[in-house]
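Trainee: Just so you know, the protein sequences line up as chains A and B, in that order.
What the first sequence shows, in our numbering, is residues 425 to 720, in sequence order.
What the second sequence shows, in our numbering, is residues 425 to 720, in sequence order.
What the hints contain is simulated information worked out from the structure, not anything from laboratory work.
C-beta: ideal position from N, C-alpha, C; glycine also.
Misleading hints may appear alongside valid ones.
[Said to hold, decoys possible] Reference listing, derived: stretches of chain A covered by chain B, where coverage requires no fewer than 3 residues with Cβ under 8 Å from a Cβ of chain B:
| no. | stretch |
| --- | --- |
| 1 | 484-498 |
| 2 | 565-571 |
[Claimed, not checked] Not everything, but these chain A residues come out facing chain B in the computed CB check (under 10 Å):
| no. | residue |
| --- | --- |
| 3 | Trp433 |
| 4 | Ala434 |
| 5 | Tyr504 |
| 6 | Leu506 |
| 7 | Ala533 |
| 8 | Ala546 |
| 9 | Val651 |
| 10 | Thr652 |
[Claimed, not checked] Using C-beta positions, here's what the derived DEER-type ranges look like:
| no. | chain 1 | residue 1 | chain 2 | residue 2 | range |
| --- | --- | --- | --- | --- | --- |
| 11 | B | Thr657 | A | Val651 | 39 to 47 Å |
| 12 | A | Trp628 | B | Ala654 | 40 to 48 Å |
| 13 | B | Leu438 | A | Ala691 | 20 to 28 Å |
| 14 | B | His681 | A | Asp467 | 45 to 53 Å |
Residues per chain, in single letters:
Number of protein chains: 2
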Amino acid sequence: MTPEQFDTWARQCLVDVEQALSAWVPSEAPAGLGEAMRYGVLDGGKRLRPLLVLAACEALGGQREAALRAAVAVELIHAYSLIHDDMPCMDNDVLRRGKPTVHVQFGEAQAMLAGDAMQALAFEVLTPDEALVPLALQARLVGLLARAAGQAGMAGGQAIDLAATGRPLLEEQLQDMHRRKTGALLQASVLMGAACGTPDARAWQALSDYGAAIGLAFQVVDDILDVTQASETLGKTAGKDLDANKPTYVSVLGLEHARLRADALHAQAQAALRSSGLADTVALAMLADKVVDRDS
Amino acid sequence: MTPEQFDTWARQCLVDVEQALSAWVPSEAPAGLGEAMRYGVLDGGKRLRPLLVLAACEALGGQREAALRAAVAVELIHAYSLIHDDMPCMDNDVLRRGKPTVHVQFGEAQAMLAGDAMQALAFEVLTPDEALVPLALQARLVGLLARAAGQAGMAGGQAIDLAATGRPLLEEQLQDMHRRKTGALLQASVLMGAACGTPDARAWQALSDYGAAIGLAFQVVDDILDVTQASETLGKTAGKDLDANKPTYVSVLGLEHARLRADALHAQAQAALRSSGLADTVALAMLADKVVDRDS
């Protein structure tokens, strides 16, 4: 793949992911639940995690059906976490992806249930008939996603975030929080894509390092955008971390050092790709660029 | 197994399940999250679902390690659903298993996160190293559990429940709600246990029918107990469905007809076991008795 081909490839991936999400997030779920689930995940978001899954699979020449399911599953986990995170008992946010948040639109109870059902659906999507995805690969993908979503990963990071509001954190504590809260799922996206192929130990380690670096870079950039961009650009409430007195990379390192940190992590990610021994990592390299060089 | 041996068997199962829960629900999860998770699932509950998993596995001579993991996973899903269901935006209940509910004890945000992390943990427990449970069986267990927990099962039933408050339901609608809300997970417990062995099509169908019958019987009896028992006996707030103006089997059928319905479902469950072709279904038969003949 050349850098010029990347855009075409990414556009086609986004079409495939959107179609799969629309097909697999059921409109017929009872009592408005399906409507809330679809509202929470369709037509929005950068789909960075699905693109990482598909790019890693592509780099390994892996199984596309399995990777598409992994891409949808990880996006469902991400989208459910945003729904729960936006609720009044958490961040109490009313704007997401430029639309009213799910609990504003459908009520708190339905928002909580929609999130719960989306987490279950993620694991359902990963366990189709074995004619579609070999059972052993299904189990590996579930294991990677469950560990990234749970107490050692995303949910644990959110608990630290919750406890940290209004308290200063050391840089290592901030990093630990973000490695769990955001980094674990981004890294798992890369590894789930890799698991759809047959990576050797060297490629697996390199992709793990790449995923860890961009996972953290993503959050550093998020913290920078939170103070430098307007709400309209972000599609969500800007400056909210500052308002909530939450520790961020900007509050701990300052804006300039946060930018340097993002650049250093970007360089780490690219170095990991070069060490992978894989022939074509253009898509992964371009995605690393996009993580750091974005305005929303 | 004789009926006399059942009690000894069940006691040992409960010890095993409690030890496994205590070992696998991590006290070291960050920022108090582990504490909330353990509070929500340890030292309480009848553990009916784990016993169903283990009894079905026993009837098939299946793999015990896999069944113990399935037992813990299904209890984690059940416990997380109670935590979320008790929250102010849902049932707003303050008492569960004789203790303050998780959100009363730890706050709403931590309760929501603990539930979210417990759902992820369920799928983590089901996907250990393949030396412990074959990967193909892991994938089958995840598939059964995810479908029972999601929009077609438990979460969907809760959405119907939410929408039904204060509105009369036809008996078929009530049954549909409960087959999803409570029945799906109880039936999945039986089928997960069965999947740990190698059931033929006849045994699988019989156990599926058995699971469906006791799943619905459980809810009918729950509705009866809600109006006939005191809160102290139940360990949760009695009469709350009545107070919340929720449709129940008692409000739709009347108390006497609800009792007859429970007896009929119990008979269906026992008939299914007799048709299974399995040599030893004593434990499953005794559990069906306990579902119907209980006071809390």
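Trainee: All hints are to be evaluated individually against the structure, with a verdict given for each.
Mentor: To see whether the hints hold, each was checked on the structure:
1. 484-498: Coverage by chain B is violated for the stretch 484-498 of chain A (0 residues, Cβ < 8 Å).
2. 565-571: Three-residue rule met by the stretch 565-571 of chain A, so holds; n is 5.
3. Trp433: violated, 30 Å
4. Ala434: violated, 29 Å
5. Tyr504: This hint holds: Tyr504/A lies near chain B, its Cβ roughly 8 Å from the closest one there, short of 10 Å.
6. Leu506: violated, 12 Å
7. Ala533: At about 5 Å, which falls below the 10 Å cut-off, the nearest Cβ of chain B leaves the hint on Ala533/A intact, so it holds.
8. Ala546: holds, 8 Å
9. Val651: violated, 24 Å
10. Thr652: With a closest approach of 28 Å, the Thr652/A hint is violated.
11. Thr657/B / Val651/A: 39 to 47 Å: Since the Cβ atoms of Thr657/B and Val651/A sit about 56 Å apart, the hinted range of 39 to 47 Å is violated.
12. Trp628/A / Ala654/B: 40 to 48 Å: Violated: the Cβ-Cβ distance is about 58 Å, outside 40 to 48 Å.
13. Leu438/B / Ala691/A: 20 to 28 Å: violated, 55 Å
14. His681/B / Asp467/A: 45 to 53 Å: Holds: the Cβ-Cβ distance is about 48 Å, inside 45 to 53 Å.
The structure fails hints 1, 3, 4, 6, 9, 10, 11, 12, 13 (numbered hints given earlier, in ascending order).
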